[in-house]
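**Q** The residues making up each chain are set out below.
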Amino acid sequence: MSRTELLNAEPAVLGNRKPKNKFKKAIVLFVAPFGVLFLLFYLAPISYALYQSFLKVDRQGTFGKAQEVFGGFTQYIAVFQNGPFWESIGRVFLFGAVQVPVMLGLALLFALLLDSPLVRGKKFFRLAFFVPYAVPGVIAAIMWGFLYSPNLSPFTEVTSKINFLSADLVLWAMANVVTWVFVGYNMLIIYSSLLSIPTEIYEAARLDGAGQLRIALSIKIPLVTPAIVMTAIFSIIGTLQLLAEPQVFRTFSSAVNSTFTPNLAVLTTSSIPNIHLAAAMSVVLALTTFILSFAFLKFTHPKGN
Amino acid sequence: MLPRMGAMLIMAVFAFYFLIPIWWLFVSATKSKGDLTSTNPLWFSEFNFFENVGNVLTYRDGVFLRWIGNSLAYAGGGALIATVLAGMCGYALAKYSFRGRELIFNVILGGVLVPATALALPLFLMFSQINATNTFWAVFLPSIVSPFGVYLTRIYAGSSVPDELMEAARLDGASEVRTFFSVSVKLMFPALVTVFLFQFVAIWNNFFLPLIMLRDEANFPVTLGLYTWNSQINQIPELRMYVLVGALLSIIPLIVAFLFLQRFWRSGLGAGSVK
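Protein chains in written order, with our numbering: chain A, 1 to 305; chain B, 1001 to 1275.
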């Protein structure tokens, strides 16, 4: 008998007395490993960031020894007065307001087309659209950085006339990279959700003379709404966390500064170093992300769940 | 007939959009340095692919291979452990009722909404306190926690592992742990493959954590390595070719993993969005 079996033999015998705790040891054994790591690498860092964000560095005199002291909301006031940080938040909001609907609209369109009898060669298209997801964000940004550069691009006709890396366009050049990577992934989530709809549901509609478009609009889209909500939440989180693309594009374009996105601002601030201000920025950013995705979830699912 | 032609046209145009950058990368990786800028970017000229690969692999004592190895260790090992731990936790949350179950689940669900990059800086501060930044573990350990994995496996276990089967295993004298590893895991397999694959991709693509944690390039994952090469192109022009070839090589493991596992993960993918 192994040790775990011995552990479990006991509650089985005593099971009648306290049925609730019958599997207590197994439950602890299953939950604890994840629980401890979650505590260490999720809850502890969040708490630590909160703690750091309430500290400030105090110097006695101009050349005195630096000392960390409780600073109250000093850092948060500094965050709220930090113009570049809010500009970066505004920039990713603008980015997300355009890129997320375009990306999810396309993903939905492709999923519906794949699910319709109109498209031949579904396997090929499914794979072709999904392949970019296998390209890490950094690598995708480097690739597109080359593609946008006039001297290397296969599309010199276009890149010699339009400078995608200019201050006006570079944000949308990044939006294209993010869209290129993630459309196929979102398409697959919506598509798997479409596949799980029982086909009998369409029968009645077809008898009533509804065409493919009508079925898509009135039956399919409402039924895959939960999948779309999920992809939207992950997209919102992703948008606010943009880092790899702007970091890479800084090497291709002078239009991307060191505070282009909130995460870049956090990174820059922490390497000044101003750890406490960077911690406060992290907290504000995480809270913004959390509130936005939670609000979106509640807004689209008012009844909970 | 018109709708079919329209649909096929849309699909064809976008297939072109998705594949052309990868085709360009592949074609570029086969060219000599001179041909890269002087010949048609979308078609082959002199075929130098193997020579280029050789150059990348031997450059600076084979540091690229080391990065690929690191990425495989971070992503492969990390995703495997993350999947097992998340699977056990999700299973327990789905199949046993105990006090605090909903609280635990809700806290973990909150963790799904906390972006990994928001954790990177505080993790760096914590690891600096114990002088453990710039080590393999500083990147590896945080990667083995997947709240999304718990969420997905909980939903999946709830609908795919019947209570009757667990009862039967108990009557046969199997312990709870043994029931999980020999019976339940098989039923949860599509969800577990999905968790593994998406955690693998998340770790493989992770950029902020390694960027902030690692100084010594011996521990770099391939993404960070290629990023540093790319930012040195102005000083060392031959790195441009290495970045292109390296980028192509770094994509291959993920494509292989997806193709290899696709029949499992596709059925698990829809589970997360059901409720």
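What the hints contain is simulated information worked out from the structure, not anything from laboratory work.
Misleading hints may appear alongside valid ones.
Derived lysine-lysine pairs resembling DSS-like cross-links, with alpha carbons at most 30 angstroms apart [unchecked claim]:
1. K123(A) x K1033(B)
2. K25(A) x K1186(B)
3. K24(A) x K1033(B)
4. K161(A) x K1186(B)
Computed footprint of chain B on chain A, listed as stretches where at least three residues anywhere in the stretch have a Cβ under 8 angstroms from a Cβ of chain B [unchecked claim]:
5. 30-36
6. 45-54
7. 128-138
8. 270-282
To give an idea of the interface, some chain B residues facing chain A are shown, with a C-beta separation under 8 angstroms as derived from the structure [to be verified]:
9. V1177
10. F1181
11. V1185
Yeah, the Cβ is synthetic: ideal placement off N, Cα and C, and Gly gets one too.
**Q** Would you mind marking each hint as holding or not holding in the structure?
**A** Status of the hints after comparison with the structure:
Among the hinted pairs, K123(A) with K1033(B) is inconsistent with the structure: their alpha-carbon atoms are about 36 angstroms apart, more than 30 angstroms. Among the hinted pairs, K25(A) with K1186(B) is consistent with the structure: their alpha-carbon atoms are about 22 angstroms apart, no more than 30 angstroms. Annotation: proposed proximity of K24(A) to K1033(B) is violated, straight-line Cα distance about 65 angstroms (limit 30 angstroms). Restraint check: the Cα-Cα separation between K161(A) and K1186(B) comes to about 57 angstroms, which exceeds 30 angstroms; the hinted pair is violated.
For the segment 30-36 of chain A, the assignment as covered by chain B holds, since 5 residues bring a beta-carbon within under 8 angstroms of that chain's beta-carbons and 3 suffice. A count of 5 residues in the segment 45-54 of chain A with a Cβ less than 8 angstroms from any Cβ of chain B is obtained; the coverage claim is therefore met, three being the minimum. For the segment 128-138 of chain A, the assignment as covered by chain B holds, since 11 residues bring a beta-carbon within under 8 angstroms of that chain's beta-carbons and 3 suffice. By the rule of at least three residues with a Cβ nearer than 8 angstroms to a Cβ of chain B, the coverage given for the segment 270-282 of chain A holds, with 5 such residues.
Checking V1177(B) against chain A: minimum C-beta separation of about 5 angstroms stays under 8 angstroms; hint holds. Of the supplied interface hints, the one on F1181(B) is violated, with its beta-carbon coming no nearer than about 10 angstroms to a beta-carbon of chain A, more than 8 angstroms. Taking 8 angstroms as the C-beta contact cut-off toward chain A, the hint placing V1185(B) at the interface is violated, the least distance being around 12 angstroms.
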